[in-house]
Amino acid sequence: MIQVKNISKHYDETEALKNVSLHVERGELFGLIGPDGAGKTTLMRILMTLLLADSGEAKMDGLDVVKNFKKIRNIVGYMPGRFSLYQDLSVEENLNFFATVFGTTVEENYELIRDIYYQIEPFKTRRAGKLSGGMKQKLALSCALIHKPKILVLDEPTTGVDAVSRKEFWEMLKKLQKQDITIMVSTPYMDEANLCDRVALIQNGQILDVDSPQNITSKFPKKIIRVRSQEMFRLINDLRAFEKTESAFAFGQFVHFTGKNNAVESAELKEYLEKLNHKSILAEEVEPDIEDVFMSMQEQSQ
Amino acid sequence: MKQLRSFIKKEFFHIFRDPRTMIILFGIPIAQLLIFGTVIKNEIKDVHIAIFDQSKDETTLEITNKILSSGYFLLDENLENTKDIETIFKKGKVRQVIVFESKFGEKLIKEGKAGVQLIADASDPNVARLVNSYTTGIINDYIKKMYPNLKLPMQIEPEIRMFFNEEMQSAYLFVPGVMALILMLISAMMTSISITREKEMGTMEILLVSPLRPAQIIVGKVIPYLLLSIANAFVIVLIGHFIFKVPIMGSFILLMFETILFILMALCLGILISTVAKNQMVAMFISMIGLMLPTIILSGFIYPIENMPTALQILSHVMPARYFVTIIRAIMLKGVGILFVWKETLTLIGMTLFFIALSVKKFKIRLE
Chain A
1 MIQVKNISKH YDETEALKNV SLHVERGELF GLIGPDGAGK TTLMRILMTL
51 LLADSGEAKM DGLDVVKNFK KIRNIVGYMP GRFSLYQDLS VEENLNFFAT
101 VFGTTVEENY ELIRDIYYQI EPFKTRRAGK LSGGMKQKLA LSCALIHKPK
151 ILVLDEPTTG VDAVSRKEFW EMLKKLQKQD ITIMVSTPYM DEANLCDRVA
201 LIQNGQILDV DSPQNITSKF PKKIIRVRSQ EMFRLINDLR AFEKTESAFA
251 FGQFVHFTGK NNAVESAELK EYLEKLNHKS ILAEEVEPDI EDVFMSMQEQ
301 SQ
Chain B
1 MKQLRSFIKK EFFHIFRDPR TMIILFGIPI AQLLIFGTVI KNEIKDVHIA
51 IFDQSKDETT LEITNKILSS GYFLLDENLE NTKDIETIFK KGKVRQVIVF
101 ESKFGEKLIK EGKAGVQLIA DASDPNVARL VNSYTTGIIN DYIKKMYPNL
151 KLPMQIEPEI RMFFNEEMQS AYLFVPGVMA LILMLISAMM TSISITREKE
201 MGTMEILLVS PLRPAQIIVG KVIPYLLLSI ANAFVIVLIG HFIFKVPIMG
251 SFILLMFETI LFILMALCLG ILISTVAKNQ MVAMFISMIG LMLPTIILSG
301 FIYPIENMPT ALQILSHVMP ARYFVTIIRA IMLKGVGILF VWKETLTLIG
351 MTLFFIALSV KKFKIRLE
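Protein sequences appear in the order of chains A and B.
Per the numbering used here, the first sequence starts with residue 1, numbered consecutively.
Per the numbering used here, the second sequence starts with residue 1, numbered consecutively.
Any given hint could be a false lead.
Claimed, not checked - Heads up, simulated BS3-like pairs for lysine-lysine below, C-alpha to C-alpha not over 27 Å straight-line:
#1 K9/B x K130/A
#2 K148/A x K199/B
#3 K148/A x K9/B
#4 K71/A x K199/B
#5 K361/B x K67/A
#6 K361/B x K150/A
#7 K364/B x K71/A
#8 K364/B x K5/A
#9 K124/A x K361/B
#10 K124/A x K2/B
#11 K364/B x K67/A
#12 K71/A x K361/B
#13 K364/B x K18/A
#14 K9/B x K136/A
Unchecked claim - From chain A, some residues computed to sit far from chain B (all C-beta separations above 10 Å):
#15 K18
#16 L51
#17 G56
#18 N68
#19 E108
#20 K136
#21 L208
#22 N215
#23 K219
#24 F220
#25 K222
#26 F242
#27 Q298
Quick caveat, the hints were computed from the structure, so don't treat them as lab data.
Small disclaimer: the values here were computed from a predicted structure and weren't measured.
Here a beta-carbon is modelled for each residue, glycine too, at the ideal position from N, C-alpha and C.
Please build the complete structure, drawing on both the sequences and the hints.
Set out below in C-alpha cells:
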C-alpha cells in the first residue's frame with residue numbers, strides 16, 4: 001500500500017532522510033518510532049505529497065507521490081503533528097467544512113467516525129480552539145477520516161495527550177484498521193510500538209530496523225537486567241562505573257543494565273552494589289523492550 | 001461548486017469572529033476618511049498675522065478691517081517698529097506681517113501708488129505662498145473697488161475660474177485618494193494576511209492535502225473580501241458625498257464598476273504577497289510599506305505627479321492607484337463617461353489579469 005524506495009531529503013545543511021526504504025502492507029497498522037528530529041515528519045510529508053524528496057521514489061496505493069499527487073490527495077487522510085484545524089470554527093463547522101471539501105457529507109460517512117465523534121458531539125457548538133488536548137485530537141481524527149480514506153497518516157497523534165486518551169486513541173486505531181484502512185502512525189513513545197503490527201525504528205534520518213515489535217525484541221541478543229535501589233541517581237553512576245557494564249539507563253522506576261557480555265548475572269550485580277552500600281537492592285533478568293533495542297541501536301550508531 | 005461555497009462560508013466565519021479583522025475592515029476606513037478629511041487642507045484658516053501700520057489712516061484701517069474680517073486671518077499684534085518683525089516671527093505663532101508705509105492713503109490718491117510689504121514666515125513655504133496670495137488678493141480687491149479709476153500696475157487682468165472645484169475644496173482631492181488608499185490596503189492586506197494565517201496555523205497543510213485546487217482556494221479567499229470591500233467603497237462614497245459634499249457628476253454605476261475592478265486588482269495583489277510572505281507579520285509589512293506609502297506618495301493623491309522627479313514619474317506608472325484616482329476623479333468631479341477613461345480602465349484590467357495569472361502560477365501546491 002505504501003512503498004518507499006531510497007528516499008533522501010535534506011534541508012540546507014541537515015540531512016533529514018538518508019536513503020530510506022520501507023513498505024507497508026494493505027490494512028496494516030504501521031508505526032514510525034523514533035525520537036524528535038529523527039525524520040518522521042519529513043517522511044510523512046513526502047508521502048502526503050507535501051514535500052518533494054531529493055532522490056528516490058515513493059508510492060501510495062500504487063500512485064507516485066510526485067506525478068499523481070492530485071489523485072493521492074483524494075484517497076489519504078492526514079493528521080499533522082500540530083493541531084491544524086480552524087480554532088475559531090466550532091467542532092461541527094470544522095467537520096462539515098472538511099466533509100464538503102472532500103466532496104462528501106458528514107451523514108454519508110458517519111458510521112466510520114461514530115465511535116470517535118460521539119464523545120465530542122456534546123461539545124459540537126464549542127470552538128475548536130477551546131477544546132482540551134484529547135478532544136482536539138479526536139476532532140482532528142474525525143476530520144481526517146470523514147472522507148473514508150484508504151490510507152490514514154497520523155503524525156505524532158498522541159503527543160501532549162493524557163494516558164487515558166492515548167489508550168483510547170490506540171483502541172480507535174485498531175477498530176479503524178478493521179475497516180480496511182491502512183494506517184501509518186509516528187510516535188516518540190516506545191511503549192506504543194507494541195501496539196503496531198510492524199514498526200520502523202528511525203533515527204537521524206536512517207531506518208535502523210523494520211519488523212514486528214515481537215521480532216524486534218526477540219532477536220535482541222543482549223541480556224537485560226533491571227536494577228533498583230533506594231538511591232537511583234547514585235545507582236546509575238555506580239553501575240556505569242562497573243567494569244563489566246556496557247550500558248545503564250534509567251527506565252521508569254528501574255535502571256536497565258546490559259553487560260559487556262551475557263555472562264554477567266544478576267547475583268553478581270547485587271554483590272557489587274551491596275559492597276557500595278546500596279540498600280534494598282533488586283536485580284532481575286527481564287525480557288528486552290523496544291526501548292532497550294532502541295537504546296542499544298542508538299549506542300552503536302554513535 | 002459546493003466545495004467553494006463551504007470555503008467562502010468558512011472565510012466569513014473567520015472574518016466575523018475576529019474582532020481585529022472587523023476593526024481593520026470597518027473601523028479603520030471610516031477613521032482614515034475622517035482624519036484625512038480634516039487634516040489635508042490646502043485652504044487656509046485662522047492664520048495668525050501682525051500688522052505694522054506706519055500711516056494709520058483711513059485707507060490702511062479699512063484694508064486691515066477687510067483682511068481681518070475675511071475669516072482667514074487673526075490679528076495677533078500691532079507692531080510699532082521694524083525690529084519687532086523678526087522677534088515676532090521667532091516666536092513662531094505669526095505667519096505673516098503686513099507693513100504699510102507711512103502716508104499710505106495720501107500717496108495712493110496723490111501719486112496713484114502706495115507701498116505695502118508682505119513678509120511671510122517661509123519656514124513652511126506652502127503656507128507662506130498661500131497666505132501671501134490671499135492677502136494680495138484682498139488688498140487688490142479693496143483698492144479696485146474703492147478707486148475704480150486707479151490703474152493697478154498690472155495691465156492684463158486674468159480672470160480665474162477653478163473648474164470642477166470652484167471653491168478649491170480639498171475634500172475633492174482627498175476623497176478619491178483615500179478611497180484608493182483604503183481599498184488597496186484593506187483588500188491586499190486582508191487577503192495576504194488571511195492566507196498567511198492558514199500557513200502559520202498549519203491549516204494550509206490540510207488544505208493542500210485535500211482535493212481543493214489552488215484556483216478554488218484563491219477564489220474562496222477573494223470573494224468574501226471582494227464583497228466586504230465593495231460595501232466599504234459604498235460607505236466611503238456616501239461619506240464623501242454627504243459629509244464632505246463631494247459631488248458625483250458621472251454615472252454611479254460606472255463608478256462602482258471601476259471600484260470593483262480596482263478592488264479585484266488589489267485582492268490579487270494580496271494573494272501574490274501571500275505567496276511570498278511566510279507569516280502574517282511579513283505579509284502585513286509588505287502590504288504596509290510596499291503598498292501604502294507608494295499609494296499615498298506616488299498616486300498623485302496628495303502630491304501632483306507632474307512635479308515629481310522624472311524617475312519617480314516613471315515609477316508612478318506602475319502604481320495601480322494612480323489610474324484609479326484619475327478615473328474616479330474624472331467620474332466624480334467631471335462627470336465623464338467610460339470613453340474618457342478607457343485607457344486607465346484597460347490598464348487596470350491588464351494589471352488585474354497579470355496579478356491573477358502570476359498568483360495562480362506562484363501559488364504553492366506543496367509546503368516549500
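Structure-based check of each hint:
no., hint, verdict
1, K9/B x K130/A, "holds (21 Å)"
2, K148/A x K199/B, "holds (25 Å)"
3, K148/A x K9/B, "holds (24 Å)"
4, K71/A x K199/B, "holds (23 Å)"
5, K361/B x K67/A, "holds (18 Å)"
6, K361/B x K150/A, "violated (30 Å)"
7, K364/B x K71/A, "holds (17 Å)"
8, K364/B x K5/A, "holds (25 Å)"
9, K124/A x K361/B, "violated (38 Å)"
10, K124/A x K2/B, "holds (22 Å)"
11, K364/B x K67/A, "holds (16 Å)"
12, K71/A x K361/B, "holds (20 Å)"
13, K364/B x K18/A, "holds (25 Å)"
14, K9/B x K136/A, "holds (22 Å)"
15, K18, "holds (19 Å)"
16, L51, "violated (6 Å)"
17, G56, "holds (16 Å)"
18, N68, "holds (13 Å)"
19, E108, "holds (13 Å)"
20, K136, "holds (12 Å)"
21, L208, "holds (27 Å)"
22, N215, "holds (33 Å)"
23, K219, "holds (37 Å)"
24, F220, "holds (37 Å)"
25, K222, "holds (41 Å)"
26, F242, "holds (48 Å)"
27, Q298, "holds (29 Å)"
Figure legend: structure checked against the earlier numbered hints; hints not met, in rising order: 6, 9 and 16.
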